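If you read the protein sequences in the order shown, they are chains A and B.
Every number in our numbering is 44 more than the matching position in the first sequence, counting from 1.
Every number in our numbering is 3 more than the matching position in the second sequence, counting from 1.
By construction, these hints were calculated from the structure, which means they are not laboratory data.
Wrong hints could be hidden among the right ones.
[Stated by the list, open to error] Here are a few chain B residues that face chain A, going by a calculated C-beta distance under 8 Å:
1) Q75
2) F153
3) G176
4) L182
5) V210
[What the hints assert, rightly or not] Cβ-to-Cβ under 8 Å is the rule here; a few derived chain A residues that face chain B:
6) S73
7) I423
8) L436
9) L441
10) V448
11) L450
12) V452
13) S455
14) L459
15) I465
16) I467
17) A510
18) P511
19) L513
20) S514
21) Q517
Remember, predicted model here, so these are calculated numbers, not experimental data.
The beta carbon of each residue, even a glycine, is placed where N, CA and C say it ideally should be.
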Amino acid sequence: MNPFSALTPIVLLGLTPLVLMLVISFHRSHRLAVVISLVGMALPLALLAGTATSAAPPLAPLLIIDGYALFYIGLLSTATMVVVVLSYGFLERVPGNREEFYLLLTLATFGCAVLTASNHFISFFLGLEILSVSLYGLVAYLRTTRTALESGIKYLILAAASAAFLLFGMALIYADLGTMDFTAMTSVLAAKTREPSVLLLGGFGMVIIGAGFKLAVVPFHMWAPDVYQGAPTPVTAYLTTVSKGAMVALLLRYGQYGGLLDYDSVASVLAVIAVLSMFLGNLLALLQDNLKRLLAYSSIAHLGYLLVAVIAASREGSHAVTFYLVAYFITSLGIFGIITALSDERKEADEISDYRGLFWRRPWVSGALSLMLFSLAGIPLTAGFVGKFYVLTAGVLSDLWALVILLVVSSVIGLYYYLRIIITMYLSAPEDPSSPLSATRRFSLPEGLVLAGLTVLLIWFGIYPAPLLSAIQAAVGSLA
Amino acid sequence: MSLAWILLLPFAGGLAAWIAGRWSDLWARWIALGTALLHLLLLLVTWGVFFTRVAPAPGGWLMASKQPWIPQLGISFHLAVDGISLLMLLLASFLTVLAVLTSWTSITRSVGFYHFNLLLILTALSGVFIAFDLFLFFAFWEISLLPLYFLIGIWGYENRVYATTKFFIITQGSGLLMLVAILGLVVVHWQSTGVLTFDYLDLVGTVMSDTKAFWLMLGFFIAFAVKLPVVPFHTWLPDAHTQAPTAGSVALAGLVLKIGAYGMLRFVVPMFPQAVADFTLTAMILAVVGILYGALLALGQTDLKRMVAYTSISHMGFVLLGIFAGNELALQGAVIIMLSHGFSAAALFIMVGDLQHRTHTRELGRFGGLWAVMPRMGGVGLFFAMASLGLPGLASFVGEFLVLLGAFQVNMPLTVLASVGLVAATVYSLWMMQKVYYGANTGDWQVDDTSGREMTVMASLIGATLWLGLYPQPVLTTSGHALAEMKKFAAEARATAARPEGTGSAASGAVAATSPVGGERP
């Protein structure tokens, strides 16, 4: 098989923003832009179905297109399609040019695809920068509003700083190992029997800082609440799913090849980060009244859970990470999707009080939202439960009892704020008839379909996860 | 025969009631009632079959059906019914019928969704009672929280949000603790046999070190103790009971508390015999503390519903005492109390609900002299007060007598203390009658006596209580058989696993799920 044909998914993802750019310069049409981005995301998916069985050809030294990369590319581009559908309704309501939004969005996904397939520090950094630069634009897309600008600048400065850390870390690791290729690192590391050098550990530390920023884990989480709140809601959905998912995919691969997880000291640093994220995320979420801020903290906690599985990096751990991520994607996209779809020109439905009595007006929507929140809380029959169960299993199988117990304790804390949102929807509607009811917007057909689809998937993977599990085992199996 | 109908029937009925509720409240009520009655009827038939076919056959103590579910993790959809499951299923089904009847006029808001929740409780609890896969058990255990959460949160009384949130968080927290214990057990089993499975019949004979057994036992114990509830873990119960609508209280007292006891009988006792033996004294002390503390606090309440809630804590203390006394008499007694308390607590909560529906108060101080205006209700109240204090001839006497008899052989001083609880029960039962029905009608209440529907509910509970009190033998046979077989099976499985050449695969012929684990740890 021609090694370049294996690259087709990534090439197609890279072509999409180019095509979009050309089309926009000739003819501006919001609908057309949406269609092009959807097709651009769907084409690689269709190809994936064909190539998934073929063996991974070596595309040394930058990229490696194995089942693992393909699985993640599929996941990320599907999630992007959901975001595109949600963005359409959202952008219709705001003034200004809309088409460039999709340009940035597809470009960011291209960066993510490079991240998941990278086998080298260069492609790692390139992918990350493509992603980050697009995100600067996306976060501040509503440039006339103050909050969007504020969060854009905040994200820009912190992301740039973290990229510097990352580069420095890469340089240190290169200085110690003499290679930037992940596969080569494995053999270099295998040849070493002595203790890791200070250079290598320092490099690992810097890489963790760089990755930790993208994942918004404590103590690199400071940007998350403000950016989540200030960014357009579809972008928030993108930040919390695709951007973090790509980083996790890379971290797993690098951890497997680059020896990140082989050292106890690195594992304990990650453990501390995980524990801090779980507790700080859940505790601070208790104090929030704004749904988007609350979800930012909740996301910090969830990435903490995920890190537990990353640390339990036996093969069981990588499966658990991937399953958890899929469940988390479905849930987060669903929740942010509902927030987006309920908002209208007058007001964004992002305060918890906006949802008071929603059940009595919109039973289906609030039912779906309740399911999503139960999934985040890890209640059975939802994908989130199976994910959490899998993470706990991975932890127990690797004898990480302390982390497992802490995970359980912190998720009990987290339960409170999910329940708070849910019960709000079932309270009686506000008595004051003069107050305009927020969260009343009708869904468009595509929005409704996408949200219904996500809800069905949520239940489907919660009740019958076996097919997804075997798909993940096949895909992640190619990593090791 | 597949056992899935036990779950599918109430679930489908619940969905149908929900949908029908969009057009007509009455339809929703009838569909729910019909479903619950059919469920009850089919279970009674199953009980008959159980006697004639399953029970006498050697080794045939189970009706089981098993399908692979998540083979990667050794999880199967394994349902099974033995005598204890069957008794609990009958109780659940029976009380659901009554719960539907008792909300016939008192619930007027989103009736369809309400009945969906009621039947979902039945589904989930049935699942808890028949799940023979620990993952499945845990899933049903957790699902049972959701409908109760909504039942209390939507149709409850004034302080419902606080009560329902507290209930959910505490019970869910304890559930997660159980999940960790389950995982621990599975990993111990996997390490010693190389088979990753969540199947009860495989895990029941797991051989492990005493320390591990103790910690895992403690994990299960605490999870079940929160539900039961055992005293330091009981704080959610008075709030949840008081704020729940009547049917919610019936479900809580009659069923949810029972899954705690059921879990101890099914998992803690057979799986960790040594750890349980070491823990007996502590658990029995906790039980006696619960009996006395519950009774004492019942005496101190001014809210009638809260008072009944505290009596539940006291009665559940006897169940714990029986389970940990461990001999056959005491275990049988515990099963009887689970049933009898299901009847009497349900009756008392329904009575409180009917009173509150009429008088819009639960304050003991505002009642008084109600016998004059509602003699029928007063008679019912007197009957269940007597049942609650353990009058011979009624159900709880049988259970409490057996438990005390069994516990006496294990620990005499604690049993003596526990029987003081019976005196306290007499005091609070009579005190309740005194406050509510006797004396002058100071509140000047002019209310209707019980309606025919309410009387039907009460009459069926009276009948059940009398039957269990006068002729408990069929129940004792059913549960005794199951208890003995369960113990025997666990001992045999353990012996097989401990044999050095045996690789420990259990006798049940389970599918040995190949472990996907590639980890290098032993």
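Broken hints, by number | 5, 6, 11, 15, 18
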